[in-house]
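J.: These are the residues of each chain, in order.
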Amino acid sequence: MNPTMNAQSNLRRVAIDPVTRVEGHGKITLLLDADNHIHEARFHIVEFRGFEKFIQGRPYWEVPFFVQRLCGICPVSHQLAAAKAVDQLVGVEQLTPTAEKLRRLLHFGQTLQSHALHFFHLSSPDFLFGFGSDPAQRNIVGVLEKYPELALKGVKLRKYGQQIIAAIAGKRIHGTATVAGGMNKALSLAERDTLLADIQDILAWCQEAVTLNEHIHTSHPEHQVFATLRSNFLGMVGRGGELELYHGGLRATAADGKRIFDQFDYRGYQEIIREEVRSWSYMKFPYLTALGKEQGWYRVGPLARVNNCDSIATPLAETARKNFRAFGHGGFVHDTLAYHWARMIEALHCAESIHALLLDPDITGSELVATHGEKCSTGIGVIEAPRGTLFHHYQIDEQGLITKANLIVSTTSNNQAMNESVRAVANQYLDGHEITEGLLNHLEVAVRAYDPCLSCATHALGKMPLQIELLDADGLLLDRLSKASTGLIERTD
Amino acid sequence: MNKPKIRIATTSLAGCFGCHMSFLDMDERLVDLLEKVEFNRSPLTDIKQCGPCDIGLIEGGVCNAENVHVLREFRNNCRILIAVGACAINGGVPSMRNHYTLRECLKETYVNGVGVENPQIPMDVELPLLLDKVHAIHDIVRVDYYLPGCPPSPEEFLMVLGALLEGKEPALPRQLIHYD
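Residue numbers (our numbering), protein chains in the order written: chain L, 715 to 1207; chain U, 56 to 235.
No lab work stands behind these hints, which were simulated from the structure alone. Careful: at least some of the hints might be erroneous.
[Unchecked claim] As a list, the in silico DSS-like pairs of lysine-lysine whose alpha-carbon atoms are at most 25 Å apart:
1) Lys91(U) / Lys860(L)
2) Lys60(U) / Lys741(L)
3) Lys162(U) / Lys188(U)
4) Lys162(U) / Lys60(U)
5) Lys1007(L) / Lys162(U)
Construct the entire structure; sequences and hints are all you get.
T.: Quick look at the structure:
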């Protein structure tokens, strides 16, 4: 199925290493034939950590604080997914109202800061300056110089999400909030009031971000076909089919809107998802078992969730969702770059939900931990992390020590889709022409749309200098480009 | 008037990106900092190769051959190299795999894992060689300063960079140095 590149000696190889302005380390390789048709497009993850092994033998209550160190961008997501699994291990079915609301508030804060980071700090330069613009300017520093007002709003949106996390978890990154069956600290009235003081600005800026992204997407026909795929979508929904990020049933829908399953109890995830290993990437390729590994790949994250849900419970985000669906003429929006628009709709939903939770009297309650029930040897926690559905699965022995762990992180679920998107863009833009810096960044723009968190996906990170080589069918070097320290692409031949 | 800016490069090796996020947690203070510094190679820019720099910030330990290469590139180009956070300083959480063989770790994920189809240990010319152990960066290169924490707080970053910008020896007050 996956012949190595060397075996396909009649094809030539183009590599982009690394993909930048994403979290973590990946590279892209393409195989082209003599007519420059793309035969293979691969997005590789090249590092490995091995959490599944080395948390074995550790006591279960340590796990949320180890596994959040998979990722400094969404540590809260990992802490919460693990905490939900730990609740099951100690026989807690239902948290106290205060604990559940605090966890939701924490999660909304996390999703808001992560979404803001992704758009403003990482992706906005592509849209504000252009995909093929000067790479020296194409970063958050350039945005701060050219669009200071917009950039500062992004910085402050992220700050607000981080402040919520700090109020609940003690610090912004790698804090401690959850305990088995609950939470470890109440939110004080003073902390609540401090957060409430800024919420109107946050709501307004999120609305502006939705409007900006809607405008960018709808006014650029070329964005609508850029890397666009028709795919299955997987995500969690609430009981009434509404957008749900913390707890609900799994829903999978085919590209044409046909339901594959709905309200599926995630503790049975092994029945519906398998993961294929391919020799050329440390990131696995999950698929829906019902459809098989050729047809069963799917997308997760904001685009999947906003398409897949029937409604959003907060009014401003619901209006935004309806506009989004109207753009898709009532059907799914498959445009890959619409991920950004959907992401900002979710950011708005987070801001509205934060507002509602801060006004809820339960949020400052002091009943934090539910009574533990009968111990259980298996715990499976699933949440919708900023980047998509996140699965944590643990087994323990009688001592409470971990014997088995399985993690399917959000970015892994988008592995095939990112590969397909890279292939689509390569087909659209490479097309027999010599390699240009524009092409390079176009491929990266396709990957960035998914907001991949490769630190999660591989549990490791790294960077390498960018160099691209174009070889002919006999392996003869035709063209070589490299990126100078100034960020400029140079032909080094 | 235009004093030349201090040039900073940053990278994340076998880390979680949390140190970079904590750096961004200086929020609006980033704008003031940018009056005095400019970024060279960093995950935040599209500059992909480290040029001559005044300060290099390294997050993460060293887990594969590529990490070694990048770390040496930074050491060769940065006048001052700072190990940022627990993983760069002593390997951190990723070095917990040092209790096991590399093969055991790979097998658990790709062969014995739950719901694994086509079990095999990935092996490809595109995948850099993994090291048998995860190392602190001072095992590979000379390090000038250590910035502790998981992650170090934005105040630590500001204090150290502030001191270096003024040509002073950085010193962190006790209350800024946290372990958890």
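J.: Determine for every hint whether it applies to the structure shown.
T.: Here is how each hint holds up against the structure:
At roughly 18 Å between alpha-carbon atoms, Lys91(U) and Lys860(L) fall within 25 Å of each other, so this suggested pair holds. Of the supplied pair hints, the one linking Lys60(U) and Lys741(L) is violated, its CA atoms being roughly 32 Å apart against a limit of 25 Å. Only pairs whose Cα atoms come within 25 Å are accepted, and Lys162(U) paired with Lys188(U) is accepted, the gap being roughly 16 Å. With a CA separation close to 48 Å, the supplied pair Lys162(U) and Lys60(U) exceeds the 25 Å bound.
The straight-line distance between the Cα atoms of Lys1007(L) and Lys162(U) is roughly 22 Å, inside the 25 Å bound, and the hint therefore holds.
Hint violations for this structure: numbers 2 and 4, all remaining hints satisfied.
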